[in-house]
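Student: Residue strings, one per chain:
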Amino acid sequence: DTGVSQDPRHKITKRGQNVTFRCDPISEHNRLYWYRQTLGQGPEFLTYFQNEAQLEKSRLLSDRFSAERPKGSFSTLEIQRTEQGDSAMYLCASSLGTNRDTTNEKLFFGSGTQLSVL
Amino acid sequence: GNSVTQMEGPVTLSEEAFLTINCTYTATGYPSLFWYVQYPGEGLQLLLKATKADDKGSNKGFEATYRKETTSFHLEKGSVQVSDSAVYFCALAPWGTGGFKTIFGAGTRLFVKA
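Chains as they are written, first to last, in the numbering used here: chain A, 5 to 122; chain B, 3 to 116.
A hint or two may mislead.
Only pairs whose alpha carbons sit at most 30 Å apart, straight line, appear in this in silico DSS-like list of lysine-lysine [what the hints assert, rightly or not]:
1) A:Lys110 <-> A:Lys15
2) A:Lys110 <-> B:Lys79
3) B:Lys115 <-> B:Lys62
4) A:Lys15 <-> A:Lys61
5) B:Lys103 <-> B:Lys62
6) A:Lys110 <-> A:Lys61
7) B:Lys115 <-> B:Lys54
8) B:Lys79 <-> B:Lys62
9) A:Lys61 <-> A:Lys75
10) B:Lys115 <-> B:Lys70
11) B:Lys54 <-> A:Lys61
12) B:Lys79 <-> B:Lys54
13) A:Lys110 <-> B:Lys62
14) A:Lys18 <-> A:Lys61
15) B:Lys70 <-> B:Lys103
16) B:Lys115 <-> B:Lys79
17) A:Lys61 <-> B:Lys103
18) B:Lys54 <-> B:Lys70
19) A:Lys15 <-> A:Lys75
20) A:Lys75 <-> A:Lys110
21) B:Lys79 <-> B:Lys103
22) B:Lys79 <-> B:Lys58
23) B:Lys54 <-> A:Lys110
24) A:Lys15 <-> B:Lys103
25) B:Lys103 <-> B:Lys54
26) A:Lys110 <-> B:Lys103
27) A:Lys75 <-> B:Lys79
28) A:Lys18 <-> B:Lys62
29) B:Lys58 <-> B:Lys70
30) A:Lys110 <-> B:Lys58
Under 7 Å between C-beta atoms, here's a sample of chain B residues computed to sit facing chain A [claimed, not checked]:
31) Glu18
32) Gly45
33) Leu48
34) Phe91
35) Phe106
36) Gly109
Incomplete in silico selection of chain B near chain A, CB under 7 Å [said to hold, decoys possible]:
37) Pro42
38) Glu44
39) Leu46
40) Ala108
These aren't lab readings, by the way, just hints derived from the structure by calculation. C-beta: ideal position from N, C-alpha, C; glycine also.
Produce the complete structure using the sequences and hints provided.
Tutor: Here you go:
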């Protein structure tokens, strides 16, 4: 178990630029989540995948945000035309989830990508 | 709607002091309740959980009891150590839902002085 890894750890960009983050989940986990965390707040759900299918998206995920998990393994989160309000920590989590026993689903988080939009 | 409220930090304690971090929730039905911990520079880790009323979750000397009557899930530890310095998040997941429905509190930062 090598844990959930995210790349890069930090990203500084200028307003209007596009950025892409990568998440590598724990290898046997079928579910992958993206969250956003701003200073002094808890993580807020953005979207999640079961295998390669994107099953749920939060209304926080504007049309400038897109996430993919093409082969059901790693995932990317892209933000187009970044705005200063996009500055936050972007967290990825994975889990081994089944539809039959969601109460025991345990999330494993990566260390996050800190985005600063200047 | 569902929500979690936890006490504001930072909380500063001396080593071996007793810790309580308050957490209350609003939810329909019977949610599962969690405490996550985030050490500096690391991702969130599940600390403990409880899935039904009166359950007590425990791990690493930390405990929390699911109190339906007071809608609370307070985190306690009898004797804190410097290594417990971290941010603690209370969270809930509505009954029958998966991780994508987990709602986190704002977090409480704990500093433990030697």
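Student: Evaluate each hint against the coordinates.
Tutor: Each hint tested on the structure:
1. A:Lys110 <-> A:Lys15: Given pair Lys110 (chain A), Lys15 (chain A) holds - Cα atoms ~28 Å apart, limit 30 Å.
2. A:Lys110 <-> B:Lys79: Distance of about 22 Å is within 30 Å: holds.
3. B:Lys115 <-> B:Lys62: holds, 19 Å
4. A:Lys15 <-> A:Lys61: holds, 24 Å
5. B:Lys103 <-> B:Lys62: holds, 26 Å
6. A:Lys110 <-> A:Lys61: holds, 20 Å
7. B:Lys115 <-> B:Lys54: violated, 35 Å
8. B:Lys79 <-> B:Lys62: holds, 9 Å
9. A:Lys61 <-> A:Lys75: holds, 19 Å
10. B:Lys115 <-> B:Lys70: violated, 34 Å
11. B:Lys54 <-> A:Lys61: holds, 28 Å
12. B:Lys79 <-> B:Lys54: holds, 21 Å
13. A:Lys110 <-> B:Lys62: Answer holds: Lys110 (chain A) to Lys62 (chain B) is near 17 Å, not above 30 Å.
14. A:Lys18 <-> A:Lys61: Answer holds: Lys18 (chain A) to Lys61 (chain A) is near 26 Å, not above 30 Å.
15. B:Lys70 <-> B:Lys103: Satisfied, since the Cα-Cα distance of roughly 20 Å is no more than 30 Å.
16. B:Lys115 <-> B:Lys79: Holds - the C-alpha atoms of Lys79 (chain B) and Lys115 (chain B) are around 15 Å apart, at most 30 Å.
17. A:Lys61 <-> B:Lys103: Holds. Lys61 (chain A) to Lys103 (chain B) sits at ~11 Å (cutoff 30 Å).
18. B:Lys54 <-> B:Lys70: holds, 9 Å
19. A:Lys15 <-> A:Lys75: Answer holds: Lys15 (chain A) to Lys75 (chain A) is near 25 Å, not above 30 Å.
20. A:Lys75 <-> A:Lys110: holds, 22 Å
21. B:Lys79 <-> B:Lys103: holds, 28 Å
22. B:Lys79 <-> B:Lys58: Distance of about 13 Å is within 30 Å: holds.
23. B:Lys54 <-> A:Lys110: Within the cut-off at roughly 16 Å; holds.
24. A:Lys15 <-> B:Lys103: holds, 28 Å
25. B:Lys103 <-> B:Lys54: holds, 17 Å
26. A:Lys110 <-> B:Lys103: With a Cα-Cα distance of about 12 Å, the restraint between Lys110 (chain A) and Lys103 (chain B) holds, given a limit of 30 Å.
27. A:Lys75 <-> B:Lys79: With Cα atoms ~43 Å apart, Lys75 (chain A) and Lys79 (chain B) exceed 30 Å; violated.
28. A:Lys18 <-> B:Lys62: Cα-Cα ~43 Å, so violated.
29. B:Lys58 <-> B:Lys70: Holds, at about 12 Å.
30. A:Lys110 <-> B:Lys58: holds, 17 Å
31. Glu18: violated, 28 Å
32. Gly45: holds, 3 Å
33. Leu48: Hint holds; Leu48 (chain B) Cβ to chain A Cβ min 6 Å, cut 7 Å.
34. Phe91: holds, 5 Å
35. Phe106: With Cβ-Cβ at 3 Å, under 7 Å, it holds.
36. Gly109: OK, holds: Gly109 (chain B) within 7 Å of chain A, min 5 Å.
37. Pro42: violated, 10 Å
38. Glu44: At about 6 Å, which falls below the 7 Å cut-off, the nearest Cβ of chain A leaves the hint on Glu44 (chain B) intact, so it holds.
39. Leu46: holds, 4 Å
40. Ala108: holds, 5 Å
Checked against the numbered hints given earlier, the structure breaks hints 7, 10, 27, 28, 31 and 37 and satisfies all the rest.
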